[in-house]
Amino acid sequence: MTPPSPFDADACYRAVVAHDARFDGAFFIGVTSTGIYCRPVCRVKTPRRENCRFFTHAAQAEGAGFRPCLRCRPELAPQALAWSAQDASALLARHAARLLDSPDAWGDAAPSVAGLAARLGVSDRHLRRVFEAELGVSPLAWLQTRRLLAAKQLLADTRLPIAQVALAAGFASLRRFNAALAAHYRMSPTALRRQGQGAPHGDGIEVVLGFRPPYDVQAMLIFLQQRSVPGAEQVDVEAATVARTLRLQVGQRGIGGWVACRFDPGAHRVHVRVADTLAPALPRVIARVRAWLDLDADPAAIHAVLGADFPSAAGVRVPGTLDGFELAVRAIVGQQVSVAAARTLTTRLVARFGEPLATPIDGLARLFPAPAALAGASGDELGRLGLVRQRQAALHALARAVDAGQLALHAGADVPATLAALTALPGIGDWTAQYIALRALRWPDAFPAGDVALHKALGVSSQRHRARAAQALAERWRPWRGYAAVRAWQTKEVSIS
Numbered sequence: 042m043t044p045p046s047p048f049d050a051d052a053c054y055r056a057v058v059a060h061d062a063r064f065d066g067a068f069f070i071g072v073t074s075t076g077i078y079c080r081p082v083c084r085v086k087t088p089r090r091e092n093c094r095f096f097t098h099a100a101q102a103e104g105a106g107f108r109p110c111l112r113c114r115p116e117l118a119p120q121a122l123a124w125s126a127q128d129a130s131a132l133l134a135r136h137a138a139r140l141l142d143s144p145d146a147w148g149d150a151a152p153s154v155a156g157l158a159a160r161l162g163v164s165d166r167h168l169r170r171v172f173e174a175e176l177g178v179s180p181l182a183w184l185q186t187r188r189l190l191a192a193k194q195l196l197a198d199t200r201l202p203i204a205q206v207a208l209a210a211g212f213a214s215l216r217r218f219n220a221a222l223a224a225h226y227r228m229s230p231t232a233l234r235r236q237g238q239g240a241p242h243g244d245g246i247e248v249v250l251g252f253r254p255p256y257d258v259q260a261m262l263i264f265l266q267q268r269s270v271p272g273a274e275q276v277d278v279e280a281a282t283v284a285r286t287l288r289l290q291v292g293q294r295g296i297g298g299w300v301a302c303r304f305d306p307g308a309h310r311v312h313v314r315v316a317d318t319l320a321p322a323l324p325r326v327i328a329r330v331r332a333w334l335d336l337d338a339d340p341a342a343i344h345a346v347l348g349a350d351f352p353s354a355a356g357v358r359v360p361g362t363l364d365g366f367e368l369a370v371r372a373i374v375g376q377q378v379s380v381a382a383a384r385t386l387t388t389r390l391v392a393r394f395g396e397p398l399a400t401p402i403d404g405l406a407r408l409f410p411a412p413a414a415l416a417g418a419s420g421d422e423l424g425r426l427g428l429v430r431q432r433q434a435a436l437h438a439l440a441r442a443v444d445a446g447q448l449a450l451h452a453g454a455d456v457p458a459t460l461a462a463l464t465a466l467p468g469i470g471d472w473t474a475q476y477i478a479l480r481a482l483r484w485p486d487a488f489p490a491g492d493v494a495l496h497k498a499l500g501v502s503s504q505r506h507r508a509r510a511a512q513a514l515a516e517r518w519r520p521w522r523g524y525a526a527v528r529a530w531q532t533k534e535v536s537i538s
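For the sequence shown, this note's numbering assigns the number 42 to the initial residue and increments by one for each residue that follows.
These are calculated hints, taken from the structure and not from any lab test.
Hints should not be assumed to be uniformly reliable.
[To be verified] Computed spacing ranges between beta-carbons, pair by pair:
(1) Gln447 - Ala220: 38 to 44 Å
(2) Asp49 - Ala224: 31 to 37 Å
(3) Ile263 - Ala220: 44 to 50 Å
(4) Val456 - Asp149: 21 to 27 Å
(5) Gly156 - Glu396: 28 to 34 Å
(6) Ser379 - Lys86: 52 to 58 Å
(7) Arg94 - Ser130: 21 to 27 Å
(8) Gly76 - Arg303: 33 to 39 Å
(9) Ala280 - Ala50: 39 to 45 Å
(10) Gly162 - Asp471: 22 to 28 Å
(11) Thr231 - Arg425: 55 to 61 Å
Cβ coordinates follow ideal geometry from the N, Cα and C atoms, glycine included.
Go ahead and model the full structure; you've got the sequences and the hints to work with.
Take a look at the structure:
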């Protein structure tokens, strides 16, 4: 079933009546009789059809004066990622929205329209005009909604001090935070916390994240388990859990911690516990978890393009990463070796250069090596771990570029510029760059055409021109070629017609 257009009100209303989770986050419902907006999965009494207004984005609903529902909690909905836009204005607006949605894209700087326009190479005025025409709200209104919903989630799910919530959500001061909540939600932080109660501190902070079905949880966990590095990550397919360590840079200091996730497929949710040490960067952690587990994918839109060739893989997602640098290192280590061999080499790297970390999770005890640690590692040290000189040179170049701030590997990065920067480094070719773009930059159209396993899965037999043949075959899968690659790797059931 294709997701209803937000402007097809009758189709949207049928999805609301059915509480259909496949459309969660695809649109929101504003109820004029209450002034509240909800997700399609909300379990309150279904409103009358004439009292419903439908919005593509939460920011549009809030711009129209609606307040978020305290029961279904719009902040838990998967985000709507529109990579398939072809029009130049639509692409610009959606790229701008992605940057505003990505805390990693800004580091310690506060997002601004001027800064956003400069990154995109357009004027402030042009950006505001295009953004509002395409998305129905101004960039500032979009950003304000994101901050408010992030704060609402932290107030409802955690016991973090209110001042810390305000800072973590991106507000410059507690006064501005209180004023924004009063103006938009007509509630104080304390009242919102009473409504949600907040999870008590124990072993970490717990939050809940939603996703749209279908989701092949087993395929995701098997992929991660096959590549898991002892000491730094753990995967239990049967228990539907995955946990790992994580290092973040907050201001001038690095902080280490851990993240543990448990899938609840029946409720289309993931329960996430985050170490208290990562609390200052909790919205960043949440955004990374969403990207890591591909919680914002729209399976219906993707399967509409890929379903004819991969009919049994509607729930397959693209595994991401919590750390783009780590993923890039693992991509380099994995060049021209098996998954098992790459895992062995990466385990040695973590054991030798990763810092110890105390966690409440048995067996989870080391951070992945920092860029500075690998940049300073000698060739002899890397060689003793089994890394040949070509891999050593690539790792050194990558680590130095990331450590110097010359290369950013996250979901908000500019894809063409990052691909060019990666392939300019020694030892990084198109396959490695495309793989990094797929999993670290979250570019759904990335396609590692030179991958041998992909050639086998796609039945590409030409010895001399296999990459070119794979590229030609993949044209039909744009803009979801990355999902096609993962489906081919995982299912090995391609029905090319």
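Hint check results:
no.: 1; hint: Gln447 - Ala220: 38 to 44 Å; in the structure: holds, 39 Å
no.: 2; hint: Asp49 - Ala224: 31 to 37 Å; in the structure: holds, 32 Å
no.: 3; hint: Ile263 - Ala220: 44 to 50 Å; in the structure: holds, 48 Å
no.: 4; hint: Val456 - Asp149: 21 to 27 Å; in the structure: holds, 23 Å
no.: 5; hint: Gly156 - Glu396: 28 to 34 Å; in the structure: holds, 33 Å
no.: 6; hint: Ser379 - Lys86: 52 to 58 Å; in the structure: holds, 56 Å
no.: 7; hint: Arg94 - Ser130: 21 to 27 Å; in the structure: holds, 25 Å
no.: 8; hint: Gly76 - Arg303: 33 to 39 Å; in the structure: holds, 35 Å
no.: 9; hint: Ala280 - Ala50: 39 to 45 Å; in the structure: holds, 42 Å
no.: 10; hint: Gly162 - Asp471: 22 to 28 Å; in the structure: holds, 25 Å
no.: 11; hint: Thr231 - Arg425: 55 to 61 Å; in the structure: holds, 57 Å
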